[in-house]
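Protein chains: 2
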Amino acid sequence: MIIEILVIGNEILIGKTQDTNSNWMAKRITKYGHRIHRITTIGDSLDEIARTVQEILERAPAMIITTGGLGPTFDDMTNEGVAKGLGRELVLDKHAYNMIEKAYKQAYEQGILKLEGMTKEREKMAYLPEGSIPLPNQRGTAPGVKIEEKGTSIFILPGVPAEMKKMFNNVIKPILKEEEGKFYQKGFILSGIGESQIAPYVTELEEKNPELWIKTHPRVGLAVEVEISVTCFDRPNCENLIDKVLKKLKQTVKNLGGIIKKEYD
Amino acid sequence: MIIEILVIGNEILIGKTQDTNSNWMAKRITKYGHRIHRITTIGDSLDEIARTVQEILERAPAMIITTGGLGPTFDDMTNEGVAKGLGRELVLDKHAYNMIEKAYKQAYEQGILKLEGMTKEREKMAYLPEGSIPLPNQRGTAPGVKIEEKGTSIFILPGVPAEMKKMFNNVIKPILKEEEGKFYQKGFILSGIGESQIAPYVTELEEKNPELWIKTHPRVGLAVEVEISVTCFDRPNCENLIDKVLKKLKQTVKNLGGIIKKEYD
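Those protein sequences? They're chains X and D, same order as listed. The first sequence maps to residues 4 to 268 in the working numbering. The second sequence maps to residues 4 to 268 in the working numbering.
For the record, the hints were derived by calculation from the structure and aren't laboratory data. Do not take every clue at face value.
For identical chains, the list gives no copy identity; a pair is met inside one copy or between any two copies.
Simulated crosslink set (SDA-like; lysine to any residue; CA at most 25 Å straight-line) [what the hints assert, rightly or not]:
#: 1; residue 1: K168; residue 2: G18
#: 2; residue 1: K30; residue 2: R41
#: 3; residue 1: K250; residue 2: L208
#: 4; residue 1: K168; residue 2: G36
#: 5; residue 1: K247; residue 2: I262
#: 6; residue 1: K264; residue 2: R142
#: 7; residue 1: K247; residue 2: Y111
#: 8; residue 1: K176; residue 2: W27
#: 9; residue 1: K19; residue 2: K169
#: 10; residue 1: K123; residue 2: Y204
#: 11; residue 1: K264; residue 2: R91
#: 12; residue 1: K87; residue 2: R62
#: 13; residue 1: K250; residue 2: L118
#: 14; residue 1: K264; residue 2: E151
#: 15; residue 1: K149; residue 2: E112
So that you can see chain X by itself, here it is in the shape it has in the complex (with noise of 0.2 Å):
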């Protein structure tokens, strides 16, 4: 599958905030074999919102999944913009209403806050684009969201990262396992010869075996240290033609004169 992830929050952009839902969900998305095109990161824009989502949708991606803009303040404007963008209304959703009061309820059983039943602040994470599925939040209050346009699924979820990772694990985890491809990755680290160095060797070997991906990364900024990483995704015999590959990647090395440092998986 590809998948391209929007990141929404004026937080980010300012640079208040580092995003790391993007990084947590591009390991795991990564790990069942499925591949992230592109990450957009804008901010608490109406127009902005509905714009992006339908540039993405141009690119016909399997699934897009946002984060951040959730919540009760007037600018957390992620449901209203992803409906403008796919030209629908917004509209109160009863299970999602359900989920809210129920969770503000709970949060007033146990003291956590002060302010019992629904506010106009705490019924406006209830209004999802027509056709959504919400989606529960396990860890706060504002649901998530499903939806199907043309052959895209949307999936909205919280930027608290805490209620993002239980949203993800509840709801995408089961579907990228159930079209789970293959990926494999291993490598090591080297030092004594640059990476302009065996350059021309990862390319030849990289010409040779198209359905590799071989790439060496400074470690440090002149070359100290290098890291080749070797990664296949979902052919016959990934493994062995990783193993196959570095096994000559080491020895190229070491007849430049080079040390290996350090392999893994």
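With the hints as your guide, set chain D onto chain X.
Coordinates of chain D only, in the frame set by chain X:
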């Protein structure tokens, strides 16, 4: 100034590397009173880079900053992708060539690298889009690039954080400071009442003061703690306005039975 960031690298999309460059730059861009409109993260693909550069240019930001994809290996293709996006030739830049040659000479003399002189892979880093100004890399080998295109300044920076930071401070920071705007942010953390309880008061204050951006942010899922921050961009009396609004918000929190835990500038 309106600025867009373009992060280029498969390692970010597969979750192997957490992009910290954007957050580091966002803090500094915001501090000098400028705004990031969007952060886009894409893979090392020639067509994808070309297409995305064109998309960003259509939004006509004052500045585009790209990070990543400047290394010696064949999958580092940012310069080629930008050239394609701008419809310019990729040409050998003599200044860039000299910078690279010098960096490798030093590394060889210091015993860091064992291969002397230029190779095809090292030379590759000197091929820049026509009309580029190369930017010295004081922490590595690949030069950065500055290009002007239809009123937008494009800065191409390395992805290795130490190299990116040095180049940003040398080249971009002076430009940000030259056109410096003022940016203020103050806030506090409260407990005992939830985000949805404070929301109507925040909305009212924000409607009265459109020059402010007032953000509440739950610090744990169910609003055990809420952070309120007030941000003001480049208006007269920013600080007085923020102080006035914060005073009202603190009084509201107290009236609702909440506790103010921590104030900050």
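Would you pick out the hints that fail for this structure and give their numbers low to high? 7, 11, 14 and 15
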